[in-house]
Amino acid sequence: MPYVQHSPADVEKMLKTIGVSRIEDLFAQLPRETRFSGDARIPGPMSDMEVLARMKSLAAANRGLQGACFLGGGCYDHFVPSTVDQLSMRAEFYTAYTPYQPEASQGMLQVFFEYQTMIARLTGMDISNASLYDGASALAEAAITAWTSQKRKKRRILVSSTIHPEYIATLKTYTTHQDVLIETIPAAGGVTDAAALSRLAGPDVACVAAASPNFFGIVEDLEPIAQAAHSCGALLIALSDPIGLGMLRPPGEMGADLVAGEGQGLGNYMSFGGPHFGFLAAREEFVRSIPGRIVGMTEDAAGMKGFVLTFQTREQHIRREKATSNICSNQALCALRAAVYLATLGPDGLRRTANLCAARAHRLADRLGSVPGISLAYKGPFFKEFALKLPGDAATIVRRLSRRGIFAGPVLGEWFPDMADCMLVAATERRTNEEIDLFREALEEETRHV
Amino acid sequence: MPYVQHSPADVEKMLKTIGVSRIEDLFAQLPRETRFSGDARIPGPMSDMEVLARMKSLAAANRGLQGACFLGGGCYDHFVPSTVDQLSMRAEFYTAYTPYQPEASQGMLQVFFEYQTMIARLTGMDISNASLYDGASALAEAAITAWTSQKRKKRRILVSSTIHPEYIATLKTYTTHQDVLIETIPAAGGVTDAAALSRLAGPDVACVAAASPNFFGIVEDLEPIAQAAHSCGALLIALSDPIGLGMLRPPGEMGADLVAGEGQGLGNYMSFGGPHFGFLAAREEFVRSIPGRIVGMTEDAAGMKGFVLTFQTREQHIRREKATSNICSNQALCALRAAVYLATLGPDGLRRTANLCAARAHRLADRLGSVPGISLAYKGPFFKEFALKLPGDAATIVRRLSRRGIFAGPVLGEWFPDMADCMLVAATERRTNEEIDLFREALEEETRHV
Amino acid sequence: MEQPKTIFEKDKPGRRCFDVPEARGPRIEDMIPAKLMRTGDADLPRLSEPEVARHYTRLSRKNFGVDSHFYPLGSCTMKYNPKVNETVAALEGFTGLHPYIHAECAQGVLEVIYDLERVLGEIAGFDAVTLQPAAGAHGEFTGLLIIKAFLDDAGEDRDVVLIPDSAHGTNPASCTLAGFTTRGIKSDERGLVDLKDLEANLDGKVAAIMLTNPNTLGLFEENVVRIAAMMHENGSLLYMDGANMNAILGLARPGDFGVDVMHFNLHKTFSTPHGGGGPGSGPVGVKARLAPFLPMPRVLKDGKSFKIAARADKSIGRVRSFFGNVGVMLKAYTYIQRLGPKGLRRVAENAVLNANYVMESLKEHYDLPYGKRCMHECVFSAKSLARKHGIRALDVAKRLIDLGFHPPTIYFPLIVEEALMIEPTETENLETMDEFVSAMRTIAEEASKSPEKLHAAPATTPVGRLDEVKAVKEPCLAFPSGGRIT
Amino acid sequence: MEQPKTIFEKDKPGRRCFDVPEARGPRIEDMIPAKLMRTGDADLPRLSEPEVARHYTRLSRKNFGVDSHFYPLGSCTMKYNPKVNETVAALEGFTGLHPYIHAECAQGVLEVIYDLERVLGEIAGFDAVTLQPAAGAHGEFTGLLIIKAFLDDAGEDRDVVLIPDSAHGTNPASCTLAGFTTRGIKSDERGLVDLKDLEANLDGKVAAIMLTNPNTLGLFEENVVRIAAMMHENGSLLYMDGANMNAILGLARPGDFGVDVMHFNLHKTFSTPHGGGGPGSGPVGVKARLAPFLPMPRVLKDGKSFKIAARADKSIGRVRSFFGNVGVMLKAYTYIQRLGPKGLRRVAENAVLNANYVMESLKEHYDLPYGKRCMHECVFSAKSLARKHGIRALDVAKRLIDLGFHPPTIYFPLIVEEALMIEPTETENLETMDEFVSAMRTIAEEASKSPEKLHAAPATTPVGRLDEVKAVKEPCLAFPSGGRIT
Ligand SMILES: Cc1ncc(COP(=O)(O)O)c(C=O)c1O
Ligand SMILES: Cc1ncc(COP(=O)(O)O)c(C=O)c1O
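Protein chains in written order, with this note's numbering: chain S, 1 to 450; chain P, 1 to 450; chain R, 1 to 486; chain C, 1 to 486.
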């Protein structure tokens, strides 16, 4: 049995100090009818060696390494530099908790401060919090921020239907019992339909949310959307891909009031969907309404600079039911990984990575688009992924491809019944020309007879 | 290009300080005829991503993970606890060098002090150094220690032929140009031939070296060998397996004067043979004659305990050509891994590991020994490996087995021409019953028609 | 001491850490219109790799963690987390897996999810579990939505949740987010839910009570069975905040003692290092009648293989993207298997033993407002020190830092004045606790003899006490572009 | 401060860290006779995993490393080592490979060995390379044996090796081990080999000279071509200690300027973190005529596949078991590929630039016995400080620790009184060097103004200067069994 800290003599001594004779006596506070007797029917105990062998065999039962990942839809196979893995494993970082005691936590606090700065700069905003759960909940939190910061007076929240359907679903779940109305703005040609947006706009709209790159990979022009939103007094929430921001125009320059998104690509492995992190950046005026931890720089009595958690009156541990959110634990270590990632890549590395993703994705689009019967679903400019229209049921083709070690998708019919013959396809900087050629070859063969 | 630390302005500034105008000017000290122009024809530059992809594909070209390792012969597939991997990666440990400045190196020094203590206790000796290159060179260094500590007056060194042939070869290389004579003691039934030893013993013998477990896996009784050695005034060098010492009698209790061996099993991966480390323990009187770093405990002016490199007058940086050895860099990080390993396992874990190895190896011997035409080469009690006699050429059978994912060997014909039909087979605590059964099955099939 | 330097102040033109292969093929300008492109590179710091490594290595050395320091931060279960957890979560077979890969290619991880749900259900006595929520508070929110959906489905119009005054701040905040209004329930003189106050607050609007058990005072709500009955009789549900499950692992199962819905703090009880604030994981367990309302997606078993269900009629929907914090699940699953049922019980036993030992050892030196016996943590008050010597819980905390300990949680739970909430966890040994006890006693003595020492603490850290007012009044939340803060 | 506690003082009965499955089957007693078994368990400390983790984590925090501190330890090339090296060396496909696995199953690693030998040969101008030696000194020994074997084979009876007085201690020690006697060669007033003294020592007994180039004063032996000619004319060989290759990578190839045999310090020049003293790797490169004498085994290429040769007629034999320190080779190979030929040249350029910058910046403050220009390192002397203020190199070093720097190498090379040997390496930036320079200047000032500060240094470390005499006089080299040191 591992974790035996106490020698029998130590247990004896402690019990004596406490004044009981057996450990069992300490549980006298539990009424008999609350007690569980017997052993839970769960596996174990196992030695480290056995548990590691079992978990290795489960890991091997996943086949993600036996092929090339062209999957997209909000999670991407970006390269993780070794600095990220090794520096994030510094025990003082990963075995700490929320830096409630700043003097004993300056390391982590400074990392968060720097993370906030990097996110603010990438997105072109003034401030950022120190992370949220994920991209989907970040959208939800941003929308709630937009709504509450306007005193909950405007009920309508317009969401472009080119946003990730799981994000919209999450937003709906988050606001189920709030006095708001989530309305989707239709898409045209894979982008937010501007005409529809003007029709929907109105003084009771709290905010408009749109994504660029959007769910279909298309880089949308947010400026007209911002104008439409602002002209009816609504805020613009932009969703963004932080890797893309290495080369794409920051939403802050296009009029966004709040920028949210999924940060996974920044140094976090795909890990079947988590842990990743959501980021949330904003214009300065939202400092008291955004949720999550915020770190600020201040100083001590001797004038030494230091970092603290600040604007805590927004948070649940102070304001309880009046807090801006219920979030407490966040995704700190993932944010730290993002900071190390961005420090490692630098401006040049991030731009080159973004460029390389775009180049690979466009090459992929060229190659796949030339397969007979296959075309791109949309014409808009795309970054690292795109929707592909197939000559048959996409789900079937995706399964066949995956058996050949070409992992593509998700299948769009999953969310859009009229797109059962479409799938998303992404290429990151890691995809090689050989893999792209293999994909084309496989796709050609698998679609020949459908 | 990575590693660009200097901005162009910084380079400018530095050159100005130095008083030259170009970096190239700094190399004016190199006469023209020493200069190399053009680029070396070597691979690179590659990005981290590319180099990692290439190295991963080379790693995948090794098939050691696609099967079960029953290989022995001085390197073993023992389990490495996660504590070892993670604690040895503390940057302050692995990016430091030899602790010449003790005040800035107390961490590493204390680890070495503790390592020395653990090795001394395991082997039953008084002292240990802080590691040597490997087991083979440790034997050579021990023999030279034995010879020099007796004032180089006795020329003969008797080495049991049950010692690893590569160790004996290394010893011979090390002493090629020394005034010593390496003689091997014949083996009988896989163990040191006592009668032959008495015949060889004499007043001109500096030391006798024997191993337990020996190269054939057999646990030899060192006591009679120690007696034979001591009765002619020679020292006994014992080679030992530190995992085995979790349950086997320490050589110090059987009369060894010096104990050497390979430490790999203690928390170091097989890594195709290195880096591992050699250990060397001794009775106290050899403190001035053994080679390698030694750490001692002392105190500062305020009475605070601390650790320093000590008895440095043995070493090359002080005594130069009169040093006990030429060793400078050793295998420090491997020794640190060993210390963490032993701290993790503790007395109980090490004994259980040793027991488990023995149990698995005996099960394996039972199962394989029952295959028609196959038998154990020797009858002696063995620990975790044994020599197996096959009904045909062992090299051929080993190759066939390896194609089926059963890795066994080494083939004994490699060193013993009359044993071309024999191979070594080992089982560590990691080998499962299923793997053992697979081995039996494979062996049965592969030997059916030879 | 020198002023800390942010990474932005280490930026220099031309420095580079990382190489990326050149992009070949069409020019970016031909792919994406110029107006959608940045005009210059992102304003990130330029450093070389040695600088990056040293920056973060040095920062780490300015931080306390469980591996370096005793960290008895109450309510946070700062236990030591076995290293094998990290090895497992870092296996490429898991980390390299995309969440949308075909289920056929993800059978290993789907088995982990499927099995862990069942294992957690078995440990806590629930019929169904979701692993979706990303943290405890996220689990609370999810659980409350499930309750709401269940009640709505049953045609019940209830929108009030009762919250004991000792509850964690996330409880009321989650209620608000889930659209409930809250009513506070008083604690009695023993620190337990005041049954009379509870009785008084029960009416047809009450959807549920959120009970933390053991509660944040470290006390077991011994009337929990009674409370469950009262709630159920009232047509309401019993939600349990399971953040303190560490105290009762293997000894009591909430699902058996009347709890309808509970969230786990997987990262606390089941051993994920807290990462400086996260990631966490907040699975929710429910009784069978609430199972149809669990969030999507669900992992199902179909013969011998596992598949994913994305939709279900009554589900509350999605609370996040993908499947939850899988990396944390892997650690929890590893941890549970390593310990087995008896090992888990032993965790609880030792957690409670340690907390009681600390409580006994300090009760002569600090005020103990509630209880003679505690569960996994004990809550002291510094109110006498404050009254007599002007030494507050904060001062005690800061002085502890100088003595080499991470302080306990302070000023929570709110019902304890000058609270010092100490949770040693089961992974600390007697020596460490004795050193901590002796430091705490020293501080109590210093409070009368040399209070200035306490006011001046911490003195051994890279910074002294920081001006939190200035942080709000002159906010500096990001390093100014191009600038240097003066 | 508290006395440090060894791990043995943390031992307690019953504590356990690690589980091992129960051994089934026959009892051990039935396998191995009792007299060959231990009577009790080995006397190792018993700790739980949290204690083990905290013990080593805390110890690490008492240590300086390159990642935490500037570490200009001359002659040791304490450069920053890229993290990707570690990732590569930890790949299971390499770490999990047994050295005796059939060559068919080890093609990846055999390719690495084969290719790295050629790459190193190409970099330094040699026809053949062995990767066997485990460190620089091991390489020296191997190289000297090769020379001896070559000469013996040619019927030459030569047993003297010439060693410049500035040489590293391993050089003469390796000679002794290899059965040579040594003759010292003086340095001239410029710090280079005194050609006249060399001339005077050349005779028919001389097997070789061991030349370090750049030498340990950080100076390039500009007469190396001449020296090579003198040696060859005398029928002797030129051995080069390549520990300082970092200075000339891509700029000069020893094999081209007359060197017959050279060892590399792979862990220095080619970037393996030094691990607190090792592991290293000391490959040896030779010209074609010496190739037959290289140690065994060798990796050969056979069409497209690789195989292993265990024996060769003229080989000196084995210098260790297996294939050398493969993990170190992997790092070096990764490093070289990452940098490519131009990157390697840039390493040398920056190493030399940095060393010259430090030299220029400090030459007004410390004595500079040799040279106006240096290569990768510069050697100062504290002799004026010693004479004027009684401040020795040791005092300078200790004070540097307080100021946050690992000290340079001191008292080496032996020909420099009160030597301070500074090797900044190419991976340090200007800011760090400026801080170091300013610390060194401060110290030079303090030497006259407040020498007591220097004598009392270090004051910020867990211990002050330790009593090395006591360490020898009352040796404590292992923690006493059952005991506690008083
Ligand atoms: C009692 C209690 N409930 C709920 C929570 C919230 O959990 P999390 O931080 O994971 O959201 C906490 C965490 O601090 C807690 O202590
Ligand atoms: C010039 C020189 N030669 C040889 C050596 C010996 O190398 P190693 O320590 O790898 O044995 C060193 C190392 O300190 C050195 O600096």
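In case anyone wonders, no lab produced these hints; they're calculated from the structure.
Since we're looking at a predicted model, the values are computed, not measured.
C-beta: ideal position from N, C-alpha, C; glycine also.
Any given hint might turn out to be false.
Taking CB as the label site, the calculated pair distances span [what the hints assert, rightly or not]: (1) R:204 x S:28: 30 to 40 Å; (2) R:404 x S:301: 14 to 24 Å; (3) P:370 x S:43: 27 to 37 Å; (4) C:438 x P:28: 55 to 65 Å; (5) S:301 x C:3: 25 to 35 Å; (6) C:456 x S:313: 25 to 35 Å; (7) R:404 x S:43: 31 to 41 Å.
Computed list of lysine to aspartate or glutamate pairs in EDC-like fashion (alpha-carbon distance at most 20 Å, straight line) [what the hints assert, rightly or not]: (8) R:10 x P:12; (9) S:13 x C:153; (10) C:5 x P:183; (11) C:473 x P:284; (12) R:10 x S:414; (13) R:307 x S:348; (14) P:172 x C:153; (15) S:56 x P:435; (16) C:5 x R:30; (17) C:473 x P:300; (18) P:56 x C:111; (19) R:62 x S:299; (20) R:342 x C:302; (21) R:473 x S:348.
(request) Given the range 55 to 65 Å, decide if the beta-carbon distance of residue 438 of chain C to residue 28 of chain P lies inside it. (result) violated, 29 Å
(message) Against the range 30 to 40 Å, how does the distance between the Cβ atoms of residue 204 of chain R and residue 28 of chain S compare: consistent or not?
(response) Roughly 37 Å apart at Cβ, these two residues keep to the hinted range, so it holds.
(message) Given the hinted pair residue 307 of chain R and residue 348 of chain S, is their Cα-Cα distance within 20 Å?
(response) Outside the cut-off at roughly 42 Å; violated.
(message) Does residue 435 of chain P sit within 20 Å of residue 56 of chain S, going by the straight-line distance between their CA atoms?
(response) Holds, at about 16 Å.
(message) Hinted pair, alpha-carbon criterion (20 Å max): residue 62 of chain R, residue 299 of chain S. Please report holds or violated.
(response) holds, 16 Å
(message) For residue 342 of chain R and residue 302 of chain C, compute the direct alpha-carbon distance and say whether it is at most 20 Å.
(response) The given pair, whose Cα atoms are some 58 Å apart, is violated under the 20 Å limit.
(message) Run the distance test for residue 10 of chain R versus residue 12 of chain P: straight-line Cα separation, threshold 20 Å.
(response) holds, 18 Å
(request) For the pair supplied as a hint, residue 10 of chain R and residue 414 of chain S, confirm whether the alpha-carbon distance does not exceed 20 Å. (result) violated, 47 Å
(message) Does the beta carbon distance between residue 370 of chain P and residue 43 of chain S stay inside 27 to 37 Å, or does it fall outside?
(response) holds, 34 Å
(request) Could you grab the alpha-carbon distance between residue 473 of chain C and residue 284 of chain P and see if it respects the 20 Å cut-off? (result) Within the cut-off at roughly 13 Å; holds.
(message) Check whether the Cα positions of residue 473 of chain C and residue 300 of chain P lie no farther apart than 20 Å.
(response) holds, 15 Å
(request) Starting from residue 13 of chain S, check that the Cα of residue 153 of chain C is at most 20 Å away, please. (result) violated, 75 Å
In this structure, the earlier hints numbered 4, 6, 9, 10, 12, 13, 16, 20 and 21 are contradicted, and the remaining ones agree with it.
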